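Fit chain B to the given chain A structure using the hints.
This is what each chain is made of:
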Amino acid sequence: MKPAPFAYRPATSLADAQRALAADADAKLSAGNQSLGPMLNLRLARPGALIDIAGLAELRAVTDSGGAVRIGAGFTHAEIEDGEAPDPTLGWLRAAAGAIAHRAVRNRGTLGGSLAHADPAADWVIVMAGLGANLVLAGTNGERVVPADAFVTGPFETVLRADEMIVAVEIAKPSPGARWGYWKYTRQVGEFAKASATVLDDPAAGRQRCALGALGGAPVVLADGAGLIEGRVDPDGAVRAALAGRVADPQLHVVALRRALAAAKQAEAAQ
Amino acid sequence: MPVRPPQREGDVLSASDAADAPAGHPHSPPPRGVGARLPRKEDDRFLAGKGRYVGDIRLAGMVELAFLRSPVAHGILRAAHKPVGAQDAVFLAEDLAGVHGIRADSGLPGFQSSVQPILASDRVRHVGELIAAAIADTRAAAEDLAEAVAIDIDPLPALHDMTRARDAGAPILHEGWTENAFLETRIETGLEAAIEGAAAVVKRTYRTARQCMAPIEGRGCVAVWDGNLEMLILYSATQMPHIVRSGLAECLGLEEGQVRVVAPDVGGGFGYKGILLAEEVCASALALKLGRPVRWLEDRREHLVAGANCREHAYEITGYAAADGELLAVDCAALVDSGAYSAYPFSACLEAAQVTSILPGPYTMRGYRCSAVSVATNKPPILPYRGVARTGVCFAMELVMDALAAELGLPPEAIRARNLVPPEAMPFTNITNKYFDSGDYPQALRRAVEALDLDSLRAAAPKEGPKRRGVGLAIFCEQGAHGTSVYHGWGIPMVPGFEQATARLTPDGGLELRVGVHSHGQGLETTLAQIAHETLGIDPARVKLVHGDTALTPYSTGTWGSRCGVMAGGAVAAACTTLAERVKRIAAHLLQADPADVEIGDGLARAGSASVRLADVAYTFYRAPQNLPADVDRRGLEASEGYRTVKDTGTFSYACHAVSVEVDIETGDIALLDYVIVEDAGTMINPMIVDGQVYGGAVQGIGTALFEEMRYDGAGQPLASTLADYHLPVAADIPPIRIIHMATPSPLSRFGQKGIGESGAIGPPAAIANAVNDALRPLGARVASLPMTPEAVRAALAAAGAEAGA
Chain A
1 MKPAPFAYRP ATSLADAQRA LAADADAKLS AGNQSLGPML NLRLARPGAL IDIAGLAELR
61 AVTDSGGAVR IGAGFTHAEI EDGEAPDPTL GWLRAAAGAI AHRAVRNRGT LGGSLAHADP
121 AADWVIVMAG LGANLVLAGT NGERVVPADA FVTGPFETVL RADEMIVAVE IAKPSPGARW
181 GYWKYTRQVG EFAKASATVL DDPAAGRQRC ALGALGGAPV VLADGAGLIE GRVDPDGAVR
241 AALAGRVADP QLHVVALRRA LAAAKQAEAA Q
Chain B
272 MPVRPPQREG DVLSASDAAD APAGHPHSPP PRGVGARLPR KEDDRFLAGK GRYVGDIRLA
332 GMVELAFLRS PVAHGILRAA HKPVGAQDAV FLAEDLAGVH GIRADSGLPG FQSSVQPILA
392 SDRVRHVGEL IAAAIADTRA AAEDLAEAVA IDIDPLPALH DMTRARDAGA PILHEGWTEN
452 AFLETRIETG LEAAIEGAAA VVKRTYRTAR QCMAPIEGRG CVAVWDGNLE MLILYSATQM
512 PHIVRSGLAE CLGLEEGQVR VVAPDVGGGF GYKGILLAEE VCASALALKL GRPVRWLEDR
572 REHLVAGANC REHAYEITGY AAADGELLAV DCAALVDSGA YSAYPFSACL EAAQVTSILP
632 GPYTMRGYRC SAVSVATNKP PILPYRGVAR TGVCFAMELV MDALAAELGL PPEAIRARNL
692 VPPEAMPFTN ITNKYFDSGD YPQALRRAVE ALDLDSLRAA APKEGPKRRG VGLAIFCEQG
752 AHGTSVYHGW GIPMVPGFEQ ATARLTPDGG LELRVGVHSH GQGLETTLAQ IAHETLGIDP
812 ARVKLVHGDT ALTPYSTGTW GSRCGVMAGG AVAAACTTLA ERVKRIAAHL LQADPADVEI
872 GDGLARAGSA SVRLADVAYT FYRAPQNLPA DVDRRGLEAS EGYRTVKDTG TFSYACHAVS
932 VEVDIETGDI ALLDYVIVED AGTMINPMIV DGQVYGGAVQ GIGTALFEEM RYDGAGQPLA
992 STLADYHLPV AADIPPIRII HMATPSPLSR FGQKGIGESG AIGPPAAIAN AVNDALRPLG
1052 ARVASLPMTP EAVRAALAAA GAEAGA
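In the order they appear, the protein sequences are chains A and B.
In terms of our numbering, the first sequence has 241 at position 241, counting the first letter as 1, and numbering is strictly consecutive.
In terms of our numbering, the second sequence has 442 at position 171, counting the first letter as 1, and numbering is strictly consecutive.
Here chain A stands alone, though its shape is the one from the complex (with noise of 0.2 Å):
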């Protein structure tokens, strides 16, 4: 379970790395490497140079605009779970981020490595989709932003072109009161969910969002996510709907997003 050899190129920039990065089709980046580095060690990856980007000051930055903030893409599921990077939700953010694997894999683990390794159980891919977040991509023709549930098209496939990278999330600031539900079934602490749900009503900003991850590919926003918050439709019925041809048993997402709903009601509960 040794690498097969490789090139290591420690960018020194962002736009080091996008150089390098696009001089070489056959590289990789790397920033946590926690997804990458047991598919290199089991050969199933085989660049011919690594890209590493962890740390890199661009990818760190933090940007309010008001109604919004961008986050680096580079800060580490540790960082977000202790507060060390800003989290522009109700702490949904942080939650999020502690409940990623286990805590070696946070500690290296980035926001945005997850995001473009695009593993469809991801946490970050079904949570970035259900707040409806954006994600700014990089190339060597400038930034675009994509909406987080239009990034995957694909198991471990995603819209970033060979020249570009994740940067930023932009994630909207929720209202005061708005709620939050995610509920992800996984068989143990630390796997990968085997069907998720988030659920975030805000109607206040008019945003009432239900998605469904852990889907084989790209996560799914359900059509009627006010009737669904609202109780007017039934997510049994959603569900099924919405997966079909999809997902041969369907049960667990209804579970997932039966319970990612009774979350969002016991937050406000709480408050």
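No lab work stands behind these hints, which were simulated from the structure alone.
Some clues are possibly wrong.
[What the hints assert, rightly or not] Once the Cα atoms are required to be at most 25 Å apart in a straight line, the calculated BS3-like pairs of lysine-lysine come out as: (1) A:265 to A:194; (2) B:321 to B:815; (3) B:815 to B:312; (4) A:28 to A:2; (5) A:194 to B:738; (6) A:173 to A:265; (7) B:560 to B:353; (8) A:265 to B:738; (9) B:353 to A:2.
[What the hints assert, rightly or not] Computed spacing ranges between beta-carbons, pair by pair: (10) A:155 to B:986: 19 to 29 Å; (11) A:142 to B:356: 41 to 51 Å; (12) B:986 to A:102: 28 to 38 Å; (13) B:944 to A:102: 16 to 26 Å.
Remember, predicted model here, so these are calculated numbers, not experimental data.
Virtual Cβ for every residue (Gly too), placed ideally from N, Cα, C.
What follows is chain B alone, placed relative to chain A:
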């Protein structure tokens, strides 16, 4: 009966809670002998990260070894080509001419023999089988070379399911075989007469999963040829250095005197390190060939994909009971998936042979029939994992007992109480001629039921909603330290006899103990020192255990079968007792007393009010012999003694596990809420170490129950290659486990101690399955296979729902 030594207050154990034994007289030193909760001597080293494992060994000129392994489960190996320019760094079967494959034949009639090649030459029989060896300065470079070997294999259909491997038309795995089975064993006694008029008959099919043992440290070895000594030295992460030495000498055509095997610190065994590996034979052959030290360290993928497996059983079992709950008979046909080769030294057949003889467990019955087949498949060989076949048979037997109870409308504890061997029947010979040495099984059951508070839990179990609760029991016995007659009967090519130990007083009054067993987590450095203290009065801190080196220790079959506390413990006591007599003679002379009046204890030899230190006695013998008595024992202060138990039928420890579970019927999740273990290890040498053994075993048993599963697809490809796919139990999965000790001494062993090392791993699958089925019973669902994954629970519920709706 063996003579039991006088024991001090605080060391005395009776059939009460030894854990609560009084701490000793306020003016006496804290107890350090048999029965003391002495902190483990070895933990200073381990907890500080200062253990020295095979992976820590670096020798000048050492090369790293990596293998090209078969990518297919079954096929004809047409050709293998070394990478260009790597002729001297890559080795194929033809380069190991004269090296014999590994053969471990059972002595039982009908056994079909296999030879496991060191490197495959013409056929491969499981994924991960060795084809080519590559050496380089680093493991990464060796892996680069190994993957550059070109191979040409014609695939053959794979035997991936033991229930189909003996079908007509299945490809025959080994030349000359008549069917894909190493051996079938059977026992039948009084079945037909016993089942007449049975009020309840339940027939069930049960499966246990194939597992990997997953010690923290995998296998590994460093082989070096010492041209000066003309000796091969193999450092190996093994439980049985002497057996590895014998096997290695046979494979390499060396005399045993030319082979030395050293097991340094070993990071967990559980049975996985009770084998002679093709990898270590290969490393040794290359060390001989190259004159350089060769190291191979198993990585986790090799462990999961290519290493020996365990536990995969299938049962077709029928239980018969009378209306009052009396167990009349059990009739069972069992299969054990033994993989492609018979592993050395336990053979492919130990597990299945055990099934037939131990299935009745702790119960009396009138009739019994059981057959067990060691089926050959295209999977890695199997090894006996902690509990060996007991975990599987306990699962089958205890689920049948619950099924009979349900059929008769009896509580599970009632049917068990009705059929357990009663204490007044001890010693008891059961239906398969197992000799139960001592114990009170009904008491263990009662105490477990009380401790879990079964009745209250039953009353409080929710009758609706997504979270259901259930309680489950499992009671079983563990035969340990069994010897010649038992293993000879099982036909394995390694039959233990007497166990030896050497005790040597050093000139400064310390004690060296030399034993051929190996400690790799069992705490033997501590327990054997406690036994030395018990017999020789020496401070355990002054006792040094020398073990794990064939050059320094007496021959032994090694550490397995819960035998060390009884066998090595008995041998150490015998050697120390002999040594004590010699010490007394010298001390008597120095004290001008009669040897009969000399007592030893607390590092002193005393006669009346006079005393000399053990160090004075030792100094006199070694360095001031002018002061010795004329009749001094010329053999000196080093004594070797052999030991075996009064009968070699084994000690029978036993336990009752009681568990409370919550089943989420929407997700299929099982949470363990409370877990009680009432166990009886006889006299405990060190109750804290017993607790550790029971806790650790129980966690592994929970892994068997809920998580661990090495699945294979139809092509014989293993479906887990990392610990992300092969689920081990983690801390969050484990409830607080409450251990309640009983301590009924064994009449067979030196101090009344019983083997307890495997016990914890036996009960959990059965207890948890019974609890899950208790929770699911109102819904008409039940589980019958391991592990009880959420998917399996949901499938059981779905099947019950479909049945109810039909």
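Structure-based check of all given hints:
Proposed proximity of residue 265 of chain A and residue 194 of chain A is supported: the alpha carbons are some 23 Å apart, at most 25 Å. With a C-alpha separation of about 17 Å, the suggested pair residue 321 of chain B and residue 815 of chain B falls inside the 25 Å cut-off, and the hint holds. Proposed proximity of residue 815 of chain B and residue 312 of chain B is supported: the alpha carbons are some 10 Å apart, at most 25 Å. Between residue 28 of chain A and residue 2 of chain A, the direct Cα distance comes to roughly 18 Å. Compliance with the 25 Å bound is thereby established for this hinted pair.
With a C-alpha separation of about 19 Å, the suggested pairing of residue 194 of chain A with residue 738 of chain B holds against the 25 Å cut-off. A distance of roughly 20 Å separates the Cα atoms of residue 173 of chain A and residue 265 of chain A; the hinted pair therefore holds under the 25 Å criterion. Of the supplied pair hints, the one linking residue 560 of chain B and residue 353 of chain B holds, its CA atoms being roughly 18 Å apart against a limit of 25 Å. Restraint check: the Cα-Cα separation between residue 265 of chain A and residue 738 of chain B comes to about 20 Å, which is no more than 25 Å; the hinted pair holds.
Between the alpha carbons of residue 353 of chain B and residue 2 of chain A the distance comes to roughly 20 Å, so the proposed pair stays at or under 25 Å and holds. At roughly 23 Å, the beta carbons of residue 155 of chain A and residue 986 of chain B sit within the given window of 19 to 29 Å. Between residue 142 of chain A and residue 356 of chain B the Cβ separation comes to about 48 Å, which falls inside the hinted range of 41 to 51 Å. Checked against the given bound of 28 to 38 Å, the beta carbons of residue 986 of chain B and residue 102 of chain A, roughly 33 Å apart, stay inside it.
Against the hinted window of 16 to 26 Å, the Cβ-Cβ separation of residue 944 of chain B and residue 102 of chain A comes to about 24 Å, which satisfies the hint.
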